[in-house]
Amino acid sequence: MVGFLVPPLRLKIGKKEVMQSSAIDEAKLALDYHQDGSANGHHGVHQDLRMFGMVTFLIAESAIFLGLFTAYLIFRSTSQVWPPEGTPERELLLPGINSIILIASSFVMHQGQSAIRKNDVSGLKLWFGLTALMGIIFLVGQGYEYFHLEFGLKTNLFASFFYVLTGFHGLHVTLGLLLILAVLWRSRKSGHYSSQSHFGVEAAELYWHFVDVVWVILFILVYLL
Amino acid sequence: MKIPSSILTLVIGIVLTLVSLWYGQNHGLVPVAASKDAQEVDNIFNLMMTIGTGLFLLIEGVLIYCVISFRRRKGDQTDGPAIEGNVPLEILWTAIPTVIVFILSVYSFEVYNNLGGLDPVASRNNAPSQVAMAGHHHMMALGIGPSIDAKGEGSPLRINVNGIQYAWIFTYPDTGIVSGELHVPVNRPVQLQMAAGDVIHAFWVPQLRLKQDVIPGRETTLGFTPNLIGTYPIICAELCGAYHGGMKSTFAVESAEDFEKWVQANAPAPAETADTEKVAVNTTTLSNEEYLAPYAKEMGISSDVLLSLHSEHQHQ
Amino acid sequence: MTTAEVTKTQPTPHHKERKLIDYFTFNTDHKVIGIQYLVVSFIFAAFGGSFAEVLRTELSTPNPDFVTPDLYNQFLTMHGTVMIFLWIVPAGAGFANYLIPLMIGAEDMAFPRLNAVAFWMFPIGGILLLMSFAVGAPQAGWTSYPPLSLMTGKWGQEIWILSLLGGGTSSILGAINFLTTILKMRMPDMDIHSMPLFCWAMLATSTLILLSTPVLAAALILLSFDLLAGTHFFNPTGGGDPVVYQHLFWFYSHPAVYIMILPFFGIISEVLPVHARKPIFGYRAIAYSSLAICFLGLIVWAHHMFTSGTPGWLRMFFMAATMLIAVPTGVKVFSWCATIWGGKLSLNSSMLFAIGFLSSFLIGGITGIMVASVPFDIHVHDTYFVVGHFHYVLFGGSVLGLFAGIYHWYPKMTGRMMNETLGRIHFILTFVGLNLTFMPMHELGLMGMNRRVALYDPQFQGLNQLSTIGAYMMGIAALPFALNFIMSVFNGEKAGRNPWRALTLEWQTSSPPIIENFEEAPILWAKPYDYGIDTEELEEESVSELLAEVSAESK
Chain A
254 MVGFLVPPLR LKIGKKEVMQ SSAIDEAKLA LDYHQDGSAN GHHGVHQDLR
304 MFGMVTFLIA ESAIFLGLFT AYLIFRSTSQ VWPPEGTPER ELLLPGINSI
354 ILIASSFVMH QGQSAIRKND VSGLKLWFGL TALMGIIFLV GQGYEYFHLE
404 FGLKTNLFAS FFYVLTGFHG LHVTLGLLLI LAVLWRSRKS GHYSSQSHFG
454 VEAAELYWHF VDVVWVILFI LVYLL
Chain B
0 MKIPSSILTL VIGIVLTLVS LWYGQNHGLV PVAASKDAQE VDNIFNLMMT
50 IGTGLFLLIE GVLIYCVISF RRRKGDQTDG PAIEGNVPLE ILWTAIPTVI
100 VFILSVYSFE VYNNLGGLDP VASRNNAPSQ VAMAGHHHMM ALGIGPSIDA
150 KGEGSPLRIN VNGIQYAWIF TYPDTGIVSG ELHVPVNRPV QLQMAAGDVI
200 HAFWVPQLRL KQDVIPGRET TLGFTPNLIG TYPIICAELC GAYHGGMKST
250 FAVESAEDFE KWVQANAPAP AETADTEKVA VNTTTLSNEE YLAPYAKEMG
300 ISSDVLLSLH SEHQHQ
Chain C
-7 MTTAEVTKTQ PTPHHKERKL IDYFTFNTDH KVIGIQYLVV SFIFAAFGGS
43 FAEVLRTELS TPNPDFVTPD LYNQFLTMHG TVMIFLWIVP AGAGFANYLI
93 PLMIGAEDMA FPRLNAVAFW MFPIGGILLL MSFAVGAPQA GWTSYPPLSL
143 MTGKWGQEIW ILSLLGGGTS SILGAINFLT TILKMRMPDM DIHSMPLFCW
193 AMLATSTLIL LSTPVLAAAL ILLSFDLLAG THFFNPTGGG DPVVYQHLFW
243 FYSHPAVYIM ILPFFGIISE VLPVHARKPI FGYRAIAYSS LAICFLGLIV
293 WAHHMFTSGT PGWLRMFFMA ATMLIAVPTG VKVFSWCATI WGGKLSLNSS
343 MLFAIGFLSS FLIGGITGIM VASVPFDIHV HDTYFVVGHF HYVLFGGSVL
393 GLFAGIYHWY PKMTGRMMNE TLGRIHFILT FVGLNLTFMP MHELGLMGMN
443 RRVALYDPQF QGLNQLSTIG AYMMGIAALP FALNFIMSVF NGEKAGRNPW
493 RALTLEWQTS SPPIIENFEE APILWAKPYD YGIDTEELEE ESVSELLAEV
543 SAESK
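Residue numbers (this note's numbering), protein chains in the order written: chain A, 254 to 478; chain B, 0 to 315; chain C, -7 to 547.
No lab work stands behind these hints, which were simulated from the structure alone. Just so you know, these numbers come straight off a predicted model, no measurement behind them. Don't take each hint at face value.
[Said to hold, decoys possible] Under the rule of at most 30 Å between Cα atoms (straight-line distance), these lysine-lysine pairs were calculated in the DSBU-like manner: (1) C:146 to B:247; (2) A:407 to C:486; (3) B:73 to C:486.
[Claimed, not checked] Covered stretches of chain A, as calculated for chain C (at least 3 residues, CB under 8 Å): (4) 303 to 314; (5) 436 to 443; (6) 454 to 464.
Ideal Cβ placement from N, Cα and C applies to all residues, glycine included.
Between the sequences and the hints, there should be enough to build the whole structure, so can you do that?
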């Protein structure tokens, strides 16, 4: 601690004029901020940046869907007839129900986070378990829809986009599901999640909400418009 | 007496400007301009060369000067002056490039417009009737339309162009000519309607300074008026396969008479109505006697014999 | 601990030491990862460079007499792809990894394990790409336009797609780390206007990577479906449109060129002040111009499509936006010139390459403004003029900047100085070579030579031969560099903590740095470019002198 020298006073460091009266005050400041790399190379405590990282990751994920949606929209807006001639009528009942299940699952999942914020691990498990179930139902529903569709991947441009967009989204739902299951698995260890520490819960939830929002956009673009 | 640095700077500036102005007009880096539009493109290029040369001489000069004059003297371990910026100078070198690029943008816009690049028919989404592909979106943007000011006389000569691996095929709808070469009369506007047969190619004539990709699934167009008689290369300018480098043709701008001669020499044989012997007959609709009639005399069969042929033996 | 102890070059005994084997394993230390990126990228560069020598050998004669035309197209596709995705982009990431935590006073990146994962995707993807030669490498150019890319070398093309998807993911994961670390892990005294310009450059680069690389992924996914599953996204026979591919592709690939130059802009901003002993001129201008380039870089992509299926109005819009980029870029070039003007230049290898960068990048920048003009670009698009332009900015710019960085930070990374004589030979051969290779290309394009060809009109042979000689020179130049790089690790003069007497934080710790980077939290006693503030001061003040000064001033 003794080694903290006061920086030469002729230089302003950012907005702080460092005119500290003693080296000891500096050291106290240091303890609050210098949580990484304190004296003698001990591994310090990091601020938790994982949520920030998660958000930047989701920005990248959004950009990939943006690219796919843009391609879809370009074709849609420059075609005289869309969907192209011969495409069977888009059925809305099953996918509509599926959408409601997926959207509702986000609310269900949020209950799980509220629970763990109150240190209620069993509540977390209940709500996340329900969410996982709803996710599985969504995927099964999607599979059922695929099986009964009258057009295939190569039928026409709309059909190709339909399968690629919903398939790519379904892949992300599956990933989200795995994250939820991972949280459920980890919650078996007592004390792993608490009201103070539940990044895994937050990350899984954020990812699930992302998947949900993407679905809403997809549903509007592909099924409704 | 040492020359004041401001005078020296002024002289250097003047020399730099003069050299740039000269080189910008005399670089000799482009082939002949075969149309007035091509000349306009050259004019803006010359301006950009002038500016570029000036910038080049200025900055490279500064670098050379620094490397010579500001070398650290042996044994001098001290720092240089603590100069962190100079707001007026920075404003100057932000403002001047902004003005320059603004001028270049406006000038480019003007040149491009004169070329026909903003022609409403050729350069925008077209009417669905132009689209030949089935169940398909109508096209965005097709290319460059006719030159804006009248740079030629006569109605536009329309020629269809088809780009395939690895050749160009030119079809003249008016005269029915199909050729591997593009011939046009000088000073008459030309409008090329272009298509691609397999992959993306690009139609480029350096002497016209014009290029347009030909893209399968859509029509693209190039309009121009050639003003200089000569023979120029047509070069494919989009990678189209292994022999992309060999996909070349010839663009011949000819006098009106020479063009007529070429048309005559290349036009397909006109249809002849009188002489039926030269026309292939559709044999399936003929009865036996009609079919054999032309050969009857040589075979020594009289027409009576033909008539008595069993009617069931209809020639199929 | 006193100042004197902080400046020790040997780590104190109880510090864990780096072993050579660490560089070959999954290691989370950003310094190891940085060096891994740099070394592996140069190995791939050797491949990419050899491919170029094949191309230039072929082009010394007008006829395709060295390799068959389709093999030529494979080499040209792989040359572009390897140089971009396996050399320049990872090399930038390598320097970012090595320098960022050191420059901001942090112990490591925000997500060290993610960092290591991101690295390892790179050599794996790269080897996969090179293996495509076994099944027939892709031959539709690094741009892979359909329908051509759907028709030639199917398996090679799919390998190309997968390799790029992997490389793109690696890039994105790296960017997440850089962004988070720069924004959130600077030492408390370092506010954003006190951080080195290299960090500003990486901020801009990482933003571009994050926003544009995923769109390339979208393009490649759709292309894959067309290639393997028989869909027709880009195939007109089934209602698709090749131009949509071009838009998706260039939405990434234009920002990609800024991703490739910005880190090296950052390096130049670090190198010039140190070796000119002068502060950087216009710190804020350079910092903000990086952000301006980042923003503008996202809205100019269709200037690669001026002769394609684009409407006239769209060409005009993209022309205007592209012309604008000249302004922030010009600001940087002028500021760098002003930085060295009036300084005290040490013309060591690093500085030579930095000045070489300025000279060459200027030329590339000037031709860049030219091709921004639509009527002019219509003439030179897809000709050797463009090849000349982008090699001046990529080789004359990024690569010379890369070498400047290597000569500058090699002492920090290895604790040894590189040999100056070999460095000078490397510079001369490279600088003369690159100008000889790429300058004739401008005239070739203007006069009518198209690009991506194995055969050309005989009138162009003279200039092509000049270019080929230059290319051989550049190839030879690699030898003194490789020799120097490898030998100096063992034989180089010991470097000490701060051989260049530089002010940024990485020079406050040992060479090479201890694993934790800093013995104790570093002290920001100067802004990164405060040269010349105290020209009398040759040695560091002792503690007592500094404290005396402090107490005197506070009275």
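Checklist entry - Would the pair residue 73 of chain B and residue 486 of chain C pass a check requiring their Cα atoms to be no farther apart than 30 Å? => result With a Cα-Cα distance of about 22 Å, the restraint between residue 73 of chain B and residue 486 of chain C holds, given a limit of 30 Å.
Item to check | Coverage of the stretch 303 to 314 of chain A by chain C, judged on three or more residues with CB within 8 Å | outcome: holds (count 8)
Checklist entry - Okay, the stretch 436 to 443 of chain A and chain C, do three or more residues pass the C-beta test at under 8 Å? => result Check failed, 0 qualifying residues.
Item to check | Given pair status - residue 486 of chain C, residue 407 of chain A, alpha carbons within 30 Å | outcome: The hint is violated at about 65 Å.
Checklist entry - CA of residue 146 of chain C to CA of residue 247 of chain B, is that 30 Å or under? => result At roughly 27 Å apart (the allowed maximum being 30 Å), residue 247 of chain B and residue 146 of chain C satisfy the hint.
Item to check | Coverage criterion applied to the stretch 454 to 464 of chain A (partner chain C; beta-carbon cut 8 Å; 3 residues) | outcome: violated (count 0)
Of the hints listed earlier, those the structure fails to meet are numbers 2, 5, 6, in rising order.
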